[in-house]
Each structure stands twice: as C-alpha cells, then as structure tokens.
Amino acid sequence: SIVIIIGIILIAIQGLNLGVDFKGGRSYTVTFNKPVEATTMKSALSASFGNSGTEVKNFGSNNVMKVTTSYLTDDESDVADDKVKNALIQGVAKYSGLQYSENDGKVDDQHFTISSSSKVGATIADDIKNSAFEAGIFAIIGIFLYILFRFRKWQYSTGAIVALVHDTLFTFSAFAIARVLGLSLEIDQVFVAAVLTIIGYSINDTVIIFDRIREFLAFGTSHERTKIFNNAINS
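According to my numbering, the sequence shown is numbered sequentially starting from 6.
No incorrect hints appear here.
Quick list of the computed label-pair ranges, beta carbon to beta carbon: (1) Ser227 with Leu153: 21 to 31 Å; (2) Gly55 with Gly147: 35 to 45 Å; (3) Ser189 with Lys62: 13 to 23 Å; (4) Leu201 with Val125: 23 to 33 Å; (5) Arg219 with Gly55: 47 to 57 Å; (6) Ile133 with Phe224: 47 to 57 Å.
Rather than coming from a laboratory, the hints here were simulated on the basis of the structure. Just so it is clear, CB atoms sit at the ideal spot from N, CA and C, and this is done for glycine as well.
Based on the provided sequences and hints, a complete structural model is requested.
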C-alpha cells in the first residue's frame with residue numbers, strides 16, 4: 006500500500022514517461038559507414054534527449070539507423086526542430102566518435118550523416134487509448150462475473166479484482182519511483198504488452214489458489230479459515 010500510494014502521488018506530480026508510441030515526435034535516418042548496434046546507440050542518445058522517449062532501429066541495413074524521439078514533441082517551432090537535430094548530432098558524435106557531415110556522399114570512417122528527417126504522430130491515438138480503457142473496464146466486469154459463476158461467492162470475485170488492480174498499480178508505481186531514482190523507463194507498446202502479461206498471470210494465479218481453497222473447504226477437515234487459506238496458498 007505504501008509503495009502504491011507513493012507511486013500514485015509521483016504519477017500525479019510528474020506524470021509517466023510516455024514513449025514515442027503515445028506522444029509522437031521527430032524521426033531521423035542516420036547513416037554510418039560501418040554497422041551500428043541499436044541498443045547501445047539508444048542508451049547513448051537518451052542523455053542527449055533529456056531522457057525523453059527514444060527509439061533506435063535498424064533501417065534497411067545494419068549501418069542505417071532510424072532514430073525517433075519525443076524530445077520537445079510539444080514544440081512545433083523551427084527552433085525546436087534545430088535543437089532536437091543538434092542534440093541528435095551531438096549524441097551520435099559522442100557515441101561513435103565520428104563527425105557529422107551534411108553531404109551524404111562523404112560518409113566514411115570519419116563521418117556520419119542524417120539522410121532524412123520527418124515528424125511522426127503518436128502510434129497509439131486517443132481513440133485507441135479510449136477503446137483500450139473501455140475494453141479494460143469490460144474485461145474486469147467479465148472476470149468478476151466469471152469468478153462469481155465459477156465459485157458462487159461474490160467475495161471470490163472481489164478478491165480477484167482487488168489482486169488484479171494491486172498487481173497493475175504496483176507495476177505503474179515501480180516505474181514512477183524508478184524515474185525519481187534516475188532510471189527513466191518508457192511507457193510504450195512493450196510496456197502495455199508487459200502489463201497485459203502481468204494481468205494474465207495475476208488472474209491465473211488467483212483462480213488456481215481459489216480452486217485449492219474451495220477444494221480444502223470441501224474436505225471439511227478443519228473449520229479454521231485462516232489455516233485452510235494458508236494451506237491452500239502453500240500448496
């Protein structure tokens with residue numbers, strides 16, 4: 006409860022570190038003379054972009070990288086465009102030890118270039134967010150009714166939903182606390198998939214324990230509910 010409360014307060018104050026999928030941003034095609042590793046390049050660019058959401062992917066070949074960042078995404082001015090591009094150039098130069106060249110034909114062992122740039126919209130649009138929220142509400146109602154039908158007691162349904170909400174909020178809180186500690190983790194499509202995985206494991210684990218509790222209660226060997234529940238969980 007303490008961790009979740011702290012996390013909710015931090016989210017209310019600083020928000021979540023939304024990635025490019027949720028915010029959109031600017032995209033650049035960076036060309037090198039030699040192969041580059043996307044993961045290490047992304048880590049190096051995070052500091053240049055103020056720990057904003059950043060994606061680095063191979064683009065066609067392993068020496069061409071597509072860099073997309075949400076850094077200054079709310080600022081549409083030309084000044085912001087130049088600032089983001091300069092931050093990219095400085096970050097890539099520091100990471101690779103190469104110098105920036107505006108001439109595509111001068112890409113060699115000493116130079117890299119930015120072949121193209123564009124502005125990108127959020128992959129996860131507002132209507133998709135709203136649909137996902139509605140689907141989540143209907144899913145919770147469905148889970149409540151399913152467990153009520155299966156176990157014939159509303160207390161089981163309520164316990165399952167509370168456990169589900171607890172596990173999800175704990176994850177969000179952990180991300181918010183990590184951001185305060187300097188570990189900037191992005192909320193993107195991968196995070197959404199991870200939360201759905203947590204929800205799946207959470208409800209599955211809960212139903213298995215409930216099933217064992219019901220089984221132990223049917224034995225009637227003991228009337229101590231606390232002992233029965235503990236034995237069921239341990240089992």
